[in-house]
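Visitor: Quick note: the sequence shown uses the UniProt record's numbering, first residue 1, plus one each step.
Hints are supplied without guarantee of correctness; some may be wrong.
Listed below are the simulated EDC-like cross-link pairs for lysine to aspartate or glutamate, each with C-alpha atoms no more than 20 Å apart in a straight line [claimed, not checked]:
id, residue 1, residue 2
1, Lys44, Asp190
2, Lys136, Glu78
3, Lys136, Glu126
4, Lys44, Glu28
5, Lys44, Asp54
6, Lys136, Asp82
7, Lys136, Asp125
8, Lys44, Asp703
9, Lys136, Asp54
10, Lys44, Asp517
11, Lys136, Glu124
12, Lys44, Asp55
With beta-carbon atoms standing in for the labels, derived distance ranges [stated by the list, open to error]:
id, residue 1, residue 2, range
13, His678, Gly109, 36 to 44 Å
14, His678, His514, 53 to 61 Å
15, Gln558, Ala214, 52 to 60 Å
16, Arg291, Gly266, 28 to 36 Å
17, Phe233, Gly266, 20 to 28 Å
18, Ser569, Pro224, 28 to 36 Å
19, Ala250, Trp496, 23 to 31 Å
20, Glu213, Gly266, 28 to 36 Å
21, Thr297, Ala412, 48 to 56 Å
22, Ala250, His514, 53 to 61 Å
Note that these hints are calculated values from the structure, not bench results.
Backbone N, C-alpha and C fix where the C-beta goes; we use that ideal spot for every residue, glycine too.
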Amino acid sequence: MDERYDTYCAVDPIFYDSLTNTKAPAPEYLGHRRLPDGWVRTAKDDWLICSPADDPLPPQGWKVHVSACLHNAERVLETVWDYCAVRDLGFKFLRGPRMMLMRNAKYAGRGASGKFITVYPHDEDELAVVCAELDKLLDGEAGPTILSDLRYGSGPVHVRYGGFASRYCLDDDGQVVPAIANAEDTLVPDRRDPVFQVPDWIELPAFLTAHLEARNAVSTTQVPYTIDSVLHFSNGGGLYRGRDIRSGAAIVLKEARPHAGLDATGADAITRVRREHQMLTALSGVPGVVRAHDMFTLGDHEFLVLEHVDGRPLNRELVQRYPLTRPGAGPDTLADYTAWAVDIHQQVETAVREIHRNGIVYGDLHLFNVLVGDDGRITLIDFEVARPVTEPGAPALRNQAFAAPSDRTGFAADEYALACLRLALFLPLTAMLRLAPGKADHFARIIAERFPVPDGYLTEAVRVIRGSEATEPRNAPAAAHGTGNPERLDFDRGDWPALRRRLSTAVLHSATPHRDDRLFPGDIQQFRSGGLNLAHGAAGVLWALSAAGAGRFPDHEQWLADQVRTPASGSRLGFWDGLTGVAYALHGCGRRDEAAALMELCLAEPWRDLSTDLASGLAGVGLALTWFGHATGEPRVTEAADELTVLLADRLTTPPAATGLTRGASGPALFFLHRYEHTGDPAMLTAAAGALRRDLRGCVLRDDGGMYVDEGWRTMPYLAQGSIGVGLVLDRYLRHADDEEFRAASAAIRRVASSPFYAQSGLFAGRAGIVAYLAARVTAGDTAADDAAELARQADALSWHALPYGAGLAFPGEQLLRLSMDLATGTAGVLLALAMAENPAISLPFLTTDFRRAEEGSIQSHPFARRGVPT
Numbered sequence: 001m002d003e004r005y006d007t008y009c010a011v012d013p014i015f016y017d018s019l020t021n022t023k024a025p026a027p028e029y030l031g032h033r034r035l036p037d038g039w040v041r042t043a044k045d046d047w048l049i050c051s052p053a054d055d056p057l058p059p060q061g062w063k064v065h066v067s068a069c070l071h072n073a074e075r076v077l078e079t080v081w082d083y084c085a086v087r088d089l090g091f092k093f094l095r096g097p098r099m100m101l102m103r104n105a106k107y108a109g110r111g112a113s114g115k116f117i118t119v120y121p122h123d124e125d126e127l128a129v130v131c132a133e134l135d136k137l138l139d140g141e142a143g144p145t146i147l148s149d150l151r152y153g154s155g156p157v158h159v160r161y162g163g164f165a166s167r168y169c170l171d172d173d174g175q176v177v178p179a180i181a182n183a184e185d186t187l188v189p190d191r192r193d194p195v196f197q198v199p200d201w202i203e204l205p206a207f208l209t210a211h212l213e214a215r216n217a218v219s220t221t222q223v224p225y226t227i228d229s230v231l232h233f234s235n236g237g238g239l240y241r242g243r244d245i246r247s248g249a250a251i252v253l254k255e256a257r258p259h260a261g262l263d264a265t266g267a268d269a270i271t272r273v274r275r276e277h278q279m280l281t282a283l284s285g286v287p288g289v290v291r292a293h294d295m296f297t298l299g300d301h302e303f304l305v306l307e308h309v310d311g312r313p314l315n316r317e318l319v320q321r322y323p324l325t326r327p328g329a330g331p332d333t334l335a336d337y338t339a340w341a342v343d344i345h346q347q348v349e350t351a352v353r354e355i356h357r358n359g360i361v362y363g364d365l366h367l368f369n370v371l372v373g374d375d376g377r378i379t380l381i382d383f384e385v386a387r388p389v390t391e392p393g394a395p396a397l398r399n400q401a402f403a404a405p406s407d408r409t410g411f412a413a414d415e416y417a418l419a420c421l422r423l424a425l426f427l428p429l430t431a432m433l434r435l436a437p438g439k440a441d442h443f444a445r446i447i448a449e450r451f452p453v454p455d456g457y458l459t460e461a462v463r464v465i466r467g468s469e470a471t472e473p474r475n476a477p478a479a480a481h482g483t484g485n486p487e488r489l490d491f492d493r494g495d496w497p498a499l500r501r502r503l504s505t506a507v508l509h510s511a512t513p514h515r516d517d518r519l520f521p522g523d524i525q526q527f528r529s530g531g532l533n534l535a536h537g538a539a540g541v542l543w544a545l546s547a548a549g550a551g552r553f554p555d556h557e558q559w560l561a562d563q564v565r566t567p568a569s570g571s572r573l574g575f576w577d578g579l580t581g582v583a584y585a586l587h588g589c590g591r592r593d594e595a596a597a598l599m600e601l602c603l604a605e606p607w608r609d610l611s612t613d614l615a616s617g618l619a620g621v622g623l624a625l626t627w628f629g630h631a632t633g634e635p636r637v638t639e640a641a642d643e644l645t646v647l648l649a650d651r652l653t654t655p656p657a658a659t660g661l662t663r664g665a666s667g668p669a670l671f672f673l674h675r676y677e678h679t680g681d682p683a684m685l686t687a688a689a690g691a692l693r694r695d696l697r698g699c700v701l702r703d704d705g706g707m708y709v710d711e712g713w714r715t716m717p718y719l720a721q722g723s724i725g726v727g728l729v730l731d732r733y734l735r736h737a738d739d740e741e742f743r744a745a746s747a748a749i750r751r752v753a754s755s756p757f758y759a760q761s762g763l764f765a766g767r768a769g770i771v772a773y774l775a776a777r778v779t780a781g782d783t784a785a786d787d788a789a790e791l792a793r794q795a796d797a798l799s800w801h802a803l804p805y806g807a808g809l810a811f812p813g814e815q816l817l818r819l820s821m822d823l824a825t826g827t828a829g830v831l832l833a834l835a836m837a838e839n840p841a842i843s844l845p846f847l848t849t850d851f852r853r854a855e856e857g858s859i860q861s862h863p864f865a866r867r868g869v870p871t
């Protein structure tokens with residue numbers, strides 16, 4: 001579970017959305033308050049910026065951050081507002097309580113958490129005055145510690161050195177990040193890690209020395225426990241493995257920070273850890289429940305001391321054991337797994353029932369909170385939200401794949417989670433039930449067809465999940481926008497035109513042309529990269545609709561063209577995540593003049609400093625430049641592509657940190673293959689082989705005979721960062737030259753495309769990518785005889801994830817918590833993959849064998865006059 005996605009579930013029940021969406025209605029702090037004459041107010045992301053017009057601020061320096069709590073935020077803001085207004089000090093603050101809550105939530109980013117108000121002193125002398133005076137004015141006001149900052153005194157005032165102006169540079173991985181200038185006036189990353197640090201060319205002001213010494217004075221030597229390693233960090237604190245010095249016993253320390261790690265009710269981590277200690281004390285005699293030993297305070301943090309349980313989280317145990325991710329799992333394997341899963345569920349159910357007999361609701365049952373020991377026995381952990389059954393309300397922290405609807409309270413919330421666990425152990429897709437509870441019936445049928453589960457075992461789970469309603473519950477947001485019940489999804493690949501129409505109808509129904517931060521809802525990455533690009537933005541959706549034969553949509557294309565006419569500061573250049581990919585999509589949609597103008601802007605940017613990969617870096621940009629050079633005949637584009645080829649070959653002497661098509665060496669290999677096909681230069685074929693061998697070193701052969709990308713605790717088969725993407729490029733290489741190692745690897749990778757189960761449906765990290773891979777092999781015509789049959793099976797199985805939306809069908813994005821329409825994670829990617837299965841002329845960008853097979857016609861020659869992208 002990626003906790004970042006929780007934040008993007010707070011605005012809309014159907015789609016991921018950002019709290020910075022200024023069109024979403026939300027209460028604001030001091031929305032009625034007028035600024036002094038000559039001041040301006042600007043909304044940016046989740047901030048309101050207030051400053052005197054033409055304030056002569058430096059581009060960077062020491063800034064003051066003020067933290068606050070939900071209960072005192074408006075009072076603190078009024079004090080700071082009054083202070084700054086009479087001194088002509090610019091400041092900004094979080095727009096409203098919702099942003100405040102999410103910025104300080106348990107799974108919020110630790111580096112930015114706690115920052116409520118930022119004040120911009122003009123120099124260090126003014127910084128000293130502002131710190132001292134605000135500290136006095138805010139004496140007694142509570143606020144969380146800002147981990148990236150140095151706390152001034154004991155109040156809510158903090159300081160940090162960083163950027164004032166919006167400036168950007170590329171980090172060591174070639175990614176666009178906020179920047180400050182170093183001593184040589186070179187832009188370097190403005191690091192915002194959850195630890196206070198001063199840039200090495202900056203001296204800490206003398207008046208802050210005592211505050212730094214106070215910060216460093218707290219030490220764990222003051223308690224009888226050692227910390228040996230970190231198990232987990234959240235914004236609420238840390239989880240550590242340690243030892244009791246007195247007895248030598250292994251223990252787990254759970255840290256709670258005051259006023260931080262808020263839950264939905266606003267309770268902080270301190271409140272929850274105290275509650276956990278209280279609940280575990282009450283349950284001290286219950287088998288299968290972790291034991292609490294002690295609590296202590298260190299500084300202003302509180303620690304719960306827990307027994308150390310030898311075991312692995314159930315989610316990891318499931319990953320290791322689950323037979324449907326293994327091609328060819330036989331009846332005996334399925335029967336053994338079924339016996340294990342039924343036993344695990346019985347143990348969990350027994351422990352939960354015993355908790356209930358003690359009058360307590362567990363409230364947070366899910367795969368991560370069950371530990372499985374080597375002896376097969378389970379232990380339940382994490383009782384932060386447990387409560388007596390007599391207390392009203394729903395748990396304030398919940399895993400959405402197991403969270404009961406709002407009408408289930410008390411013990412019924414745990415009963416719902418137990419029912420979800422019963423399904424999830426056999427088909428871990430229960431996160432989708434939040435969108436359409438009727439999918440429980442569909443999941444039960446899939447399970448019963450594959451596992452020898454006991455009679456009635458699934459029926460009871462479905463009954464609990466569906467509740468007493470015979471039809472789709474009214475609180476199912478996706479179904480509420482549909483025209484029918486999820487049991488009648490009509491996912492009929494036999495009528496491809498009708499299926500394509502249903503998918504494209506859902507995509508178009510979701511469009512929000514009134515917004516300027518996105519056109520189609522998709523993955524949370526769209527809010528970090530402008531909502532425009534191929535992977536997660538409008539460019540990918542419009543290109544996929546056109547490529548799949550679903551039509552052209554001039555109004556939406558115009559929206560995209562308007563957004564990139566003057567790209568925003570900090571815009572990325574990459575093919576999948578930036579402007580070169582948008583240019584490619586505009587050309588594919590027939591808007592050739594705008595495509596050429598955008599590529600011209602990209603050439604004026606520092607593309608030589610990019611990373612080497614396909615998604616963001618030189619490999620993807622190089623493919624786009626080579627393609628545009630061929631299409632336009634423009635010498636400067638071709639010259640840039642030639643220069644990039646040499647640069648990329650030189651950079652690859654240092655292997656990429658990742659493995660796979662989009663972030664590993666297979667992306668550069670694909671680029672070199674294109675250059676070979678374009679130029680016939682045998683050195684390009686040699687370079688492609690070298691890059692592929694680097695990626696193969698990051699892969700592993702499993703005992704099922706399949707080759708996967710090795711991530712340590714799991715192995716990955718998928719298109720973007722799994723072995724399937726590597727296999728696509730391997731197959732492409734083998735059409736030009738034979739290689740025994742590559743042939744063996746290709747065969748092993750093909751095996752992973754035969755698994756019955758893939759957790760997600762998306763193109764980059766799900767079943768749609770498997771379909772695209774198989775379709776490419778079938779199109780090549782020189783592959784195994786069973787590719788076409790497997791392609792049909794995998795394409796049909798996309799129905800597992802299909803959900804009703806509008807008058808059509810849509811698919812959930814990453815984490816399965818919300819629908820997505822983008823190309824990388826959502827419905828547009830499924831549409832494209834299915835179109836590839838139907839029509840061999842359709843392909844992912846640059847995966848066709850013939851480089852020159854492009855849209856008919858070409859961009860007319862344009863003068864590539866230099867017009868810089870704003871920085």
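Visitor: Against each hint, give a clear statement of whether it holds in the structure.
Guide: Quick rundown of the hints versus the structure:
no.	hint	result
1	Lys44 x Asp190	holds (19 Å)
2	Lys136 x Glu78	holds (15 Å)
3	Lys136 x Glu126	holds (15 Å)
4	Lys44 x Glu28	holds (14 Å)
5	Lys44 x Asp54	holds (18 Å)
6	Lys136 x Asp82	holds (14 Å)
7	Lys136 x Asp125	holds (17 Å)
8	Lys44 x Asp703	violated (52 Å)
9	Lys136 x Asp54	violated (29 Å)
10	Lys44 x Asp517	holds (11 Å)
11	Lys136 x Glu124	holds (19 Å)
12	Lys44 x Asp55	holds (18 Å)
13	His678 x Gly109: 36 to 44 Å	holds (43 Å)
14	His678 x His514: 53 to 61 Å	violated (42 Å)
15	Gln558 x Ala214: 52 to 60 Å	holds (58 Å)
16	Arg291 x Gly266: 28 to 36 Å	holds (29 Å)
17	Phe233 x Gly266: 20 to 28 Å	holds (21 Å)
18	Ser569 x Pro224: 28 to 36 Å	violated (53 Å)
19	Ala250 x Trp496: 23 to 31 Å	violated (59 Å)
20	Glu213 x Gly266: 28 to 36 Å	holds (33 Å)
21	Thr297 x Ala412: 48 to 56 Å	violated (37 Å)
22	Ala250 x His514: 53 to 61 Å	holds (57 Å)
Checked against the numbered hints given earlier, the structure breaks hints 8, 9, 14, 18, 19 and 21 and satisfies all the rest.
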